[in-house]
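Listed here are the chains, written in short residue letters.
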Amino acid sequence: MLGNVTEISIDTIINQVHQKKDEGYRFVSMTTIENPDLTIDLYYHFDREYQMENLKLTVDKALELPSISKIFLAAVFVENEIQELFGVNFDGKVINYGGHFILSDADLENPMCRKQIVIEQMEDN
Amino acid sequence: MFDMIGNIVKNLFSKPATRNYPFAIRKVPENARGHISGIDPEACIYCGICQRKCPSDAIVVDKVNRTWEIETYRCIVCSECVTVCPKQCIYMDAKHLTSSTKQDRILCKGSPKPEKVAAPKAETPKPETPVAETVSANA
Amino acid sequence: MGKTIIPFGPQHPVLPEPLQLKLVMRDEKVLEAIPSIGYVHRGLEKLAEQKDFMKNIYLVERVCGICSNMHALSYCMAIEEIMQIEIPDRARFLRVIWAELHRIHSHLLWLGLLADSFGFESLFMQVWKSREKIMDILEKTAGHRIFISTNTVGGTHKDLTKEQQKDVLATVASVWDDMKAVEKVFLNDYTVQHRLKGVGVLPKEIAYELGTVGPMARASGIVFDHRTRGYAAYGDLEFEPVVETDGDSWARTKVRLFEVYQSVRLIREAIGKLPDGEIFTPFKGFPDGEAVVRLEQPRGEVMYYVRANGTKMLDRLRIRTPTFANLPSLLHMLPGSSLADVPVLILTIDPCISCTER
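Protein chains in written order, with our numbering: chain R, 1 to 125; chain F, 1 to 139; chain V, 1 to 358.
These aren't lab readings, by the way, just hints derived from the structure by calculation. Because the structure is a prediction, the values reported are computed rather than measured. Some hints could be false.
A few chain V residues that face chain F, going by a derived Cβ cut-off under 7 Å, partial list only [to be verified]:
id, residue
1, 55
2, 58
3, 129
4, 139
5, 140
6, 143
7, 144
8, 149
9, 185
Ranges of calculated distance between the beta carbons of each label pair, as one might list FRET restraints [claimed, not checked]:
id, chain 1, residue 1, chain 2, residue 2, range
10, F, 103, V, 31, 48 to 58 Å
11, R, 62, V, 178, 54 to 64 Å
12, V, 129, F, 45, 41 to 51 Å
13, R, 24, F, 60, 49 to 59 Å
14, V, 129, F, 98, 19 to 29 Å
15, V, 135, R, 24, 38 to 48 Å
16, V, 39, F, 42, 44 to 54 Å
Per the computed footprint, the stretches of chain F lying under chain V, defined by three or more beta-carbons under 8 Å from a beta-carbon of chain V, are [stated by the list, open to error]:
id, region
17, 29 to 38
18, 69 to 79
Glycine included, each C-beta is placed from N, C-alpha and C at the ideal position.
Full structure from sequences and hints, please.
Below is the structure:
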């Protein structure tokens, strides 16, 4: 099971990440999952001497989050990928690919998220 | 700088490490998974387990008409079907294949199930000897 | 003097996989470099949510052709951790043997490509001739040269008979001899040293901050190798990570070359200690829960996150591959280098772009 998970909220992201950097942690990755109730879980994974620490954040879909790429440069690629695949906006990235990092122009918008399709019944003529 | 020169001189005077391909074909080891070559249509009970376990949905089994078909270009040669078949009747062949210009499907058809005749007295009628039909269809 | 922008395009003779870099140059010096990827994105993470969790083993193996066995191994270990399955001892040692054979073939492929990147074609061909021996032994024991499909949830499918073990030992002994003959050229040859020494220096603090993993981090002095944690059977084998301190391309070559020797020693020890017994534990049911597994692939640390919800399809499969973690180091190494060194620098991070993009 996943150990060492700390739940955080949007206001405390930058402080918590700064704290991890000061304690000597290394940035591993970020993971995004869409829950059945259409909120998004965001995990930040850090590591020091083979021990992992995870920060968990639960947000609604259309929110804007602050970017941590000024603290950890290594996060810039992951944030661009999450923005394209899930539609979560990150504000203030060091390099902004503007939607062309991993998907091509012909791909669907935010392919990893669920979409609701409404089927209307046509009247019989 | 002179380490490679000894190597180069040795390579000049020994035979090449490559094979003269169309005239010399590599001998494949016994355990190699080559491609699925077909089934034994008599032993197969058309249960459909291989169809359910195939990761790329390459096998189609029809229980009513007693046919088993595989799309060879979809098959990823993982050998799951060979492992899970309860009758062990799927065969793999590691023979060397050349390129083809048409997509290949292998279709195996077993004989219809012999009808169960309720025998009132001693002798049960002998079922006819089944005839196997293996058709390799080029789609 | 104005600046020119040169696209180090997706197709390039030295790159094994497509990667584009826009190099902003002045004369012959690179000022800035921005990598862009996305040429081989296949959407495998989305596909893994729509297939049965047992069929995903074959899907995950095909994320990359060079480190394929270890992707399957990480996935199986993640599902085993969620379902709390204990695998038998013989299966643990067999997994180590096939994983180390894959590490040897991956490093030999990289050594050949590095020689090709500065034009030394005959060294490239010598190293790849040795690599063919490893591919042949994989075909003899597991059935296929690359996608060997031996791992499954609960153990392994295939076993090694005594004959096959002798074949494996003979092959790795012959690969050892080949690499000893070629080691002098890689490390002591005058032209090779000129192209590799002092090129692309990555100091230790910057390597740690940028999150580099694998041989790149070990060549800069960071002692970081997941095999010391003792997953699979590594806890029962003697193992010391190979570490260099210079931080330039020559140190990275030395680390990967010595890792080939270390893998040969690990294979010999694992075959010597192979216990008897079963190779597979049967299990029932579906996974429910989440787990994170980290392993040492040839290129570095891979992280797998799996979340399952009790049905036969997974909720989420997330893969963070080592080349994705090594990409930011390009942003540090390329500015300030000259144009002729760019292919060598890109190859020293060991780019496996199909892993990066999945």
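To see whether the hints hold, each was checked on the structure:
Annotation: interface hint on residue 55 (chain V) holds; nearest CB of chain F at approximately 4 Å, less than 7 Å. Satisfaction of the interface hint for residue 58 (chain V) is found here, the shortest Cβ-Cβ separation to chain F being roughly 4 Å, below the 7 Å cut-off. Satisfaction of the interface hint for residue 129 (chain V) is found here, the shortest Cβ-Cβ separation to chain F being roughly 5 Å, below the 7 Å cut-off. Contact between residue 139 (chain V) and chain F, as hinted, is supported at the beta carbon level, the nearest pair being about 5 Å apart and thus within 7 Å.
Interface restraint check for residue 140 (chain V): the shortest CB-CB distance to chain F comes to about 5 Å, inside 7 Å, so the restraint holds. The interface hint given for residue 143 (chain V) is met, as the beta carbon of that residue sits about 4 Å from the closest beta carbon of chain F, less than 7 Å. Restraint check, residue 144 (chain V) versus chain F: the minimum CB separation of about 6 Å is within 7 Å; hint holds. For residue 149 (chain V), the shortest C-beta to C-beta distance to chain F is roughly 5 Å, which falls under 7 Å, so the interface hint holds.
At a threshold of 7 Å, the smallest CB-CB gap from residue 185 (chain V) to chain F is about 5 Å, leaving the interface hint in force. At about 51 Å, the beta-carbon gap between residue 103 (chain F) and residue 31 (chain V) stays in the expected band of 48 to 58 Å. Range check, residue 62 (chain R) to residue 178 (chain V): Cβ separation about 58 Å, and the 54 to 64 Å hint holds. Look at residue 129 (chain V) against residue 45 (chain F): about 49 Å separates their beta carbons, and that is inside 41 to 51 Å.
Taking the beta carbon of each, residue 24 (chain R) and residue 60 (chain F) are about 57 Å apart, inside 49 to 59 Å as hinted. Taking 19 to 29 Å as the suggested C-beta distance range, the pair residue 129 (chain V) and residue 98 (chain F) conforms, at roughly 25 Å. Our hint of 38 to 48 Å for residue 135 (chain V) and residue 24 (chain R) holds, since their Cβ atoms are close to 42 Å apart. Taking the beta carbon of each, residue 39 (chain V) and residue 42 (chain F) are about 50 Å apart, inside 44 to 54 Å as hinted.
Restraint check on the region 29 to 38 of chain F versus chain V: 4 residues with Cβ-Cβ distances below 8 Å, three needed, restraint holds. Coverage of a stretch by a chain is defined here by at least three residues with a beta carbon nearer than 8 Å to that chain's beta carbons; for the region 69 to 79 of chain F and chain V the count is 4, and the condition holds.
Checked against the numbered hints given earlier, this structure breaks none of them.
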